[in-house]
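K.L.:
Spelled out from the first residue to the last, the chains are:
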Amino acid sequence: MSTLAAAAGVVDDPVELARFTRIDGARGLAESSLQLSGLHCAACAGQIEAALAAVDGVLDAEVSYAASRVRVRWQPQRTRASTLVAAIHRAGYGAVPDTAAQARAMRAAEQRQLLWRLFVAVFCAMQVMMLATPVYVADAGSLAPDLEQLLQRSAWMLTLPVLLFSAAPFFVSAWSSLRQRRLGMDVPVALGVAVAFVASSGAAFDPGGVFGREVYFDSLTMFVSFLLAGRWLELRARHAATDAIERLGFAAPRQAWRIVDAHGRIEAVSVERLVAGDRVRVPLGEAFPGDGVLEDGSTQADESLLTGESTPVPKSVGDSVVAGSMNLGAPVIARIERTGADTRFEQIAALMREALTCRPETTRLADRIAGPFLAAVLLLALGAALVWWTIDPSRAIWVAVSVLIVTCPCALSLAAPSALLAATAALARRGVLLRRVDALETLARVDHVMLDKTGTLTQPRPQWRATHALDACDEAGRRQRTLDAAALACWSTHPLARALVEAVPEAAAQAARWHEVHEVRGHGLEALDAAGQRWRLGSSRWLGLAPGDAHAEAALAFGPVGQPLLAIEFDESLRDDALASVVALRAQGIALTVLSGDEATRVSRLAARLGIDHAVAGAAPERKLDALRRLQSDGHVVAMVGDGVNDAPVLAQADVSFALVHGAQIARAAADAVLLSARLQDIAHALHVARRTVRVIRQNLVWAALYNAACVPLALAGLLPPWAAGLGMAASSVFVVGNAMRLARIA
Amino acid sequence: MDILYLLIPLSSVLVLGIVGVFAWALHRGQFDDIEREGERILDETQVASVSTPEQSRNV
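Taken in sequence, the protein lines are chains A and B.
All letters in the first sequence, in the order written, are residues 1 to 747 by our numbering.
All letters in the second sequence, in the order written, are residues 1 to 59 by our numbering.
For the record, the hints were derived by calculation from the structure and aren't laboratory data.
Just so you know, even glycine gets a beta-carbon here, dropped at the ideal spot from N, CA and C.
Just to be clear, a hint being listed does not mean it is correct.
DEER-style ranges, computed between Cβ atoms [what the hints assert, rightly or not]:
#1 V13/B with L714/A: 36 to 46 Å
#2 S11/B with A140/A: 21 to 31 Å
#3 P207/A with L10/B: 21 to 31 Å
Which residues of chain B face chain A? A partial, calculated answer using Cβ under 10 Å [unchecked claim]:
#4 L4
#5 I8
#6 P9
#7 S11
#8 V15
#9 I18
#10 V19
#11 V21
#12 F22
#13 A23
#14 L26
#15 H27
#16 I41
#17 L42
Put together the whole structure using the sequences plus the hints.
P.N.:
What follows is the structure in structure tokens.
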């Protein structure tokens, strides 16, 4: 225990604490995220919550059974993190801070421990079955009574490891729930196992006594084996989903190579010690330690963890790189601009943690009805035993045991959470991050999607539209000037300049015509032509166009200083997949609306290009909100996709909302889901996954209900032996989890 | 068939013994990385640490 105590002490160390706890000093609040182990059923979540709530200084605790995590809000001046961990240990569960490898190692240990329990149970069950066979196959009277007794006692001995070791988790969990005056899902199971064992032991050692002559060691060991097999499969599925979601959190590097002086000498430092402005060397195959800009070299970066985009992104000097993306091309030097919690990576990881600890509404409902349901099960079993006692006392005990085992609502409690978790993991792999798991259920009912125009349907990158001559010059002259302007634009990396060069690619060969080029920040380019005249390419204001002049609203103007000759206009370009995703959404029967603050002609032109019938133009945030409320009051379930600050209220009002990851932070905070990939097609995909998820949940609930409805009467009628009850229960849980896992495979 | 009275208890005890030995092996970590033992012959960095003094002399 001393290592446990030492480990618990480390938890209170401020540096360690910061890795799994958010501390709000102003309000005296801390919020910690812990990884749990030892959870068997949804009811365990309630027990841990109760145990934590009993600690002085804990405000509230929220356990997610599906992800085996707990989020605790507590007051640092009244308690400590180690006290929380100790409270969870006392309740009979394990807890470690929710950071990297430690939690993963704990999951592996938990899985291995369960597998070992399963092995012992199956191995002993086979031997017990062998010892039980002679009694079944022998003709009446051909088996000597003392030999039969010897076989029974041998079977008893081989049942002991199953009872004491393999079935121990059921007893521990049943006991801890009873101690808290609650009925956990393991109470009927533990009771069934205990009753069967006591009755069989009585029969084996005192034949013809109160417990009769029947022994159930074979049923008992088989039942425990089936149950553990079901648990093991369920645990594996749960861990696989947790791993998929968590892979994000483990990609962050812990060490960086900082360049200390002008000679390029480097030192290894912890990423915690990096500050903005540091220059770091990023070797091939390592992850970028912070958000920053590439300073030297060119490479490809794998940003798939952050965007779900699997092709490496080429990066050259001046391009921005994000923390956690892998350097795949060549060693490079980067200047760090943001570190630690400010990086986009950390913000996404924080969203992830939030999603993992959020418990869906359906699960909370299941927890609430579990108590009364289990009480009814116990009463039913007791009633069955009493009734059968009057009919046939020798069968009373195993009927009661069958009823206890067969009614365990494990499948019912797994129906929704397993499906939601699998779908969340599948979407996370695609780059769609759900902040609320509940959003999936609403998303499945969505019949109207509102799309923001700027930045959502269109790219932030502009596209050249037209050039207008500002003096009376002919078409050929205008074309020549456009070429000149584009040749000058080659000297700049500004998005407008790049767009112009893209529109007139032949200009690149003539860039050398300009000399003494320099860029005036915020205005444009200035250069001398072959004749020595000074020209400008830049904002129309800088060129001397006053508001009110023709084409004064054009983005760029070009001409000799003080004498603008050419106005250049730009347009927004559609995202590559905008049309495809609109088609995909309409194919799913979704109505679409474009929302924009832009002028009406532009918006309706864009809507017509995409084939969207509804467009709301010139909309301030309030008008956008009105349009949304009108749709909602007509009974539509509306999803909103946006990215800007002005979208935040609309995102919050919509039934389900998506924010693009490049968008404003406030938009991301208001949204239910974040599109890491910036692929609009993922919205159609998310809708598809949500509908499948709801279908799977419904199938699971129907299956679990049918199973209980069919098996309980059979057990009451005495037609279902305990081993068959155990097999049925384990099979129904496995069916439910397996059905949910189909969602993880949607590509 | 009197021998059954010896063999049945014996086999039961043997089963428990086998489970115990397997538990010991498992928890000592003997099955932690089954692949590695087979691949160790291909691992150059391991050579120095596993070769005994007289092997080094023979080389």
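K.L.:
Does L4/B pass the interface check with chain A, least Cβ-Cβ distance below 10 Å?
P.N.:
holds (7 Å)
K.L.:
Under the criterion of a CB-CB separation shorter than 10 Å, is V19/B in contact with chain A as hinted?
P.N.:
For V19/B, the interface hint holds, since the closest Cβ of chain A sits about 6 Å away, which is under 10 Å.
K.L.:
Going by Cβ atoms only, is I18/B closer than 10 Å to chain A?
P.N.:
holds (8 Å)
K.L.:
L42/B was flagged as interface toward chain A. Is the shortest Cβ-Cβ separation under 10 Å?
P.N.:
violated (22 Å)
K.L.:
Does the hinted range 21 to 31 Å hold for P207/A and L10/B at CB?
P.N.:
holds (23 Å)
K.L.:
Hey, does the I41/B contact hint survive, CB to chain A under 10 Å?
P.N.:
violated (27 Å)
K.L.:
Min Cβ distance, A23/B to chain A: is it shorter than 10 Å?
P.N.:
holds (7 Å)
K.L.:
Please check whether P9/B passes as an interface residue: C-beta within 10 Å of a C-beta belonging to chain A.
P.N.:
Constraint on P9/B satisfied, holds at 6 Å.
K.L.:
Regarding the hint that V21/B lies at the interface with chain A, is the smallest CB-CB distance below 10 Å?
P.N.:
This interface hint is violated because 12 Å lies over the 10 Å limit.
K.L.:
Indicate whether the distance between the beta carbons of V13/B and L714/A respects the range 36 to 46 Å.
P.N.:
holds (38 Å)
K.L.:
Using Cβ atoms only, decide whether L26/B comes closer than 10 Å to chain A, and label the hint accordingly.
P.N.:
holds (6 Å)
K.L.:
Quick check on I8/B please, does its C-beta sit within 10 Å of some C-beta on chain A?
P.N.:
holds (5 Å)
When held up to the earlier numbered hints, the structure conflicts with 11, 16 and 17 and fits the remainder.
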